[in-house]
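Chains as they are written, first to last, in my numbering: chain A, 59 to 416; chain B, 59 to 416.
Hints were generated in silico from the structure; no laboratory data involved. Wrong hints could be hidden among the right ones.
One copy or any two copies: either way a pair holds, since identical chains are not told apart in the list.
To be verified - Result set (EDC-like, lysine to aspartate or glutamate): computed pairs, CA atoms no more than 20 Å apart in a straight line: (1) K90 / E334; (2) K317 / D359; (3) K191 / D169; (4) K191 / E369; (5) K335 / D310; (6) K415 / D196; (7) K156 / D187; (8) K270 / E377; (9) K379 / E225; (10) K317 / E351.
2 protein chains.
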Amino acid sequence: MNKGEEEKKTMMKKLIPNKQIILNHYVTGYPKESDFGLRSSTTSCTLSHGSSSAVLLKNLYLSCDPYMRHRMSDHISHSGTIVQSTSGSVLVGYGVSKVIESTHPSFKEGDFVWGMIGWEEYTLITTPDSLNKINITDVPLSYYAGILGMPGIAAYAGFHKICYPKEGDCVYVSSASGGVGQLVGQFAKLMGCYVVVGSASTEEKVDLLKHKMGFDEAFNYKEEHDLGSALRRYFPQGIDIYFDNVGGHMLDEVILHMKVHGRIALCGMISQYNIEKPEGVRNMFSLIMKRIEMKGFVEKDFGHVYPELVELCIKYLQEGKLVYVEDIAQGLENAPSALVGIFYGCNVGKQVVCIAKE
Amino acid sequence: MNKGEEEKKTMMKKLIPNKQIILNHYVTGYPKESDFGLRSSTTSCTLSHGSSSAVLLKNLYLSCDPYMRHRMSDHISHSGTIVQSTSGSVLVGYGVSKVIESTHPSFKEGDFVWGMIGWEEYTLITTPDSLNKINITDVPLSYYAGILGMPGIAAYAGFHKICYPKEGDCVYVSSASGGVGQLVGQFAKLMGCYVVVGSASTEEKVDLLKHKMGFDEAFNYKEEHDLGSALRRYFPQGIDIYFDNVGGHMLDEVILHMKVHGRIALCGMISQYNIEKPEGVRNMFSLIMKRIEMKGFVEKDFGHVYPELVELCIKYLQEGKLVYVEDIAQGLENAPSALVGIFYGCNVGKQVVCIAKE
Numbered sequence: 059m060n061k062g063e064e065e066k067k068t069m070m071k072k073l074i075p076n077k078q079i080i081l082n083h084y085v086t087g088y089p090k091e092s093d094f095g096l097r098s099s100t101t102s103c104t105l106s107h108g109s110s111s112a113v114l115l116k117n118l119y120l121s122c123d124p125y126m127r128h129r130m131s132d133h134i135s136h137s138g139t140i141v142q143s144t145s146g147s148v149l150v151g152y153g154v155s156k157v158i159e160s161t162h163p164s165f166k167e168g169d170f171v172w173g174m175i176g177w178e179e180y181t182l183i184t185t186p187d188s189l190n191k192i193n194i195t196d197v198p199l200s201y202y203a204g205i206l207g208m209p210g211i212a213a214y215a216g217f218h219k220i221c222y223p224k225e226g227d228c229v230y231v232s233s234a235s236g237g238v239g240q241l242v243g244q245f246a247k248l249m250g251c252y253v254v255v256g257s258a259s260t261e262e263k264v265d266l267l268k269h270k271m272g273f274d275e276a277f278n279y280k281e282e283h284d285l286g287s288a289l290r291r292y293f294p295q296g297i298d299i300y301f302d303n304v305g306g307h308m309l310d311e312v313i314l315h316m317k318v319h320g321r322i323a324l325c326g327m328i329s330q331y332n333i334e335k336p337e338g339v340r341n342m343f344s345l346i347m348k349r350i351e352m353k354g355f356v357e358k359d360f361g362h363v364y365p366e367l368v369e370l371c372i373k374y375l376q377e378g379k380l381v382y383v384e385d386i387a388q389g390l391e392n393a394p395s396a397l398v399g400i401f402y403g404c405n406v407g408k409q410v411v412c413i414a415k416e
Numbered sequence: 059m060n061k062g063e064e065e066k067k068t069m070m071k072k073l074i075p076n077k078q079i080i081l082n083h084y085v086t087g088y089p090k091e092s093d094f095g096l097r098s099s100t101t102s103c104t105l106s107h108g109s110s111s112a113v114l115l116k117n118l119y120l121s122c123d124p125y126m127r128h129r130m131s132d133h134i135s136h137s138g139t140i141v142q143s144t145s146g147s148v149l150v151g152y153g154v155s156k157v158i159e160s161t162h163p164s165f166k167e168g169d170f171v172w173g174m175i176g177w178e179e180y181t182l183i184t185t186p187d188s189l190n191k192i193n194i195t196d197v198p199l200s201y202y203a204g205i206l207g208m209p210g211i212a213a214y215a216g217f218h219k220i221c222y223p224k225e226g227d228c229v230y231v232s233s234a235s236g237g238v239g240q241l242v243g244q245f246a247k248l249m250g251c252y253v254v255v256g257s258a259s260t261e262e263k264v265d266l267l268k269h270k271m272g273f274d275e276a277f278n279y280k281e282e283h284d285l286g287s288a289l290r291r292y293f294p295q296g297i298d299i300y301f302d303n304v305g306g307h308m309l310d311e312v313i314l315h316m317k318v319h320g321r322i323a324l325c326g327m328i329s330q331y332n333i334e335k336p337e338g339v340r341n342m343f344s345l346i347m348k349r350i351e352m353k354g355f356v357e358k359d360f361g362h363v364y365p366e367l368v369e370l371c372i373k374y375l376q377e378g379k380l381v382y383v384e385d386i387a388q389g390l391e392n393a394p395s396a397l398v399g400i401f402y403g404c405n406v407g408k409q410v411v412c413i414a415k416e
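The shape of chain A in the complex, shown without the other chains (with noise of 0.2 Å):
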């Protein structure tokens, strides 16, 4: 066998079978499980030793984000934070991945990371800075995924240098029992804010916010005819602090109930997601008369307080005084139907989607 034949055979070796998540199409309202196709491909994952540097990774656990929906449309991009897919594309989103060639000194066969990848069986990198290496403890791999990913940035970051938060603050979260929301009360209450209240979809999930991720009070929005009233029981004195998952109306109603001075954190909107025109904010002269300040962020700014959150966060989690509620699909065939679920408020907890054990 000469030198080429040698190349090739080793290249040959080095296709591995790849089933992908694809975008069928670009979706308009609500996503369904017939906008994604599984593709059976192969991964031309030849890294080449002495070009540039490459991470091949096997992956094992999928986030499912609202965000990702922004991906799905054939819009301009709002900012250029959100890179669109192109139809028939594989879905790019976060998650959590072995290493298992690289080229990169950084990353070596074994190594765990989390980052951004495919929505595939295995992803080659080839900006593997990118990429964020997990030190292995005793927490499970896939809150990666999740607390110790970005939607525990975004919660950190978001409550943390956002908010402003001080003991005593009244604090509400919508969303509250997702990926981000529950992770801001409990937060909010590890800092001594009082009340703080979460509002989610089902029966279920304002039980968890109640029983099992320490929320003072919590409520089924669907259940609720007049908004404002609820808002107004929960805080008859007003909100310090709104984290805001959720928008337009909710986002307009709970304006009215905000305290002279109160932050507003727009972490997310994913009641405006779906539809063809966002409804509007009508309440805009009242965050002038009571002093409200509203902050956008992204938790790609926020990379430097990623150590501080995963140092408290494993602490609290051993010792108990943080849990981590995740709903785990299995098996990549099934990441779309999880994926959509998440614009219908099926997850309970963080959803994500294994694919591999390890």
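On the provided structure of chain A, position chain B as indicated by the hints.
Just chain B now, kept in the frame of chain A:
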């Protein structure tokens, strides 16, 4: 004459004829001159020495401000910040006055002050701590109803303390030739912002903005069929700071033209004050994607900046580095039309009413 008759005579002497502007009835929609009345009254201005401290003012200048519209509605107050007028009561607003009698140790006859006064020839102030004493310089007294009064604080604090401006920032000001807007643009230029662009409702005002108030650019928003394309023209790279005096559709559109990490100071929403149902702001999701900070403020919270404002502005005014354009109506009887006019953009510069020279 016995002692009782002498006292009665003294009290009689103190009943001063006092013309007043009253609110005839609560206002719906745009205010009209007929919503207001001129009442000939007398003021029971007997200052009882030794008991409570009070100050009797002869009023000189009245400030016409958009926020006054809220006093005229039969609404529940948004936060208690704005005291509602009752139907038939004397209008209240900021103004400049001369002390003609005082039992308060901080004020003496002949002092000039600014603060909240009635729209009338004489006002008896029973809580004189709310008044600001004027140290006479060579600037016009009327400026204490503008650049050196509440609008000055709103512009100075709103720009410097809410917008975090820095050299080179692109700044947009709506209602830019008004009592607050013209100052924001000039403050922005003084600290090296570029470009500084204002919008107004007539060519005359646009000309003032460009050739007197030092804005880099200005446009007549009424002549722009597509506000978005106007904003793109003046801010091809986007807007760092939007100082909003207008709200509604303008605010909604500007959000789309903000840069990442832009700041929006919500100072006023004059476009919304005379309509039944506020326009909805639909582009809220861009606040997240662009990490925009939007903050409402009222000048009341920034009394502490007043000394630095006065020092700076008087210096700049004397050096010719700052100008202040006023639109002065003459006579208390013309105050209602001046006030009504600001909601139609009739004023060119800060609208003031002169009711007495000294």
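A quick look at each hint next to the structure:
1. K90 / E334: Only inside one copy: K90 and E334 sit 16 Å apart there, 40 Å across copies, limit 20 Å.
2. K317 / D359: Result: close only across copies, 15 Å inter versus 28 Å intra.
3. K191 / D169: Answer is within: at 7 Å inside a copy they meet the 20 Å cutoff, but 71 Å across does not.
4. K191 / E369: Close inside one copy (14 Å), not across copies (55 Å); limit 20 Å.
5. K335 / D310: both (16 Å within a copy, 13 Å between copies)
6. K415 / D196: Result: close within a single copy only, 15 Å intra versus 80 Å inter.
7. K156 / D187: Classified as within; 15 Å inside a copy, 69 Å across copies.
8. K270 / E377: within (15 Å within a copy, 66 Å between copies)
9. K379 / E225: within (17 Å within a copy, 46 Å between copies)
10. K317 / E351: Classified as both: same-chain Cα gap 11 Å, cross-chain 18 Å, threshold 20 Å.
In summary, the structure agrees with every hint in the numbered list given earlier.
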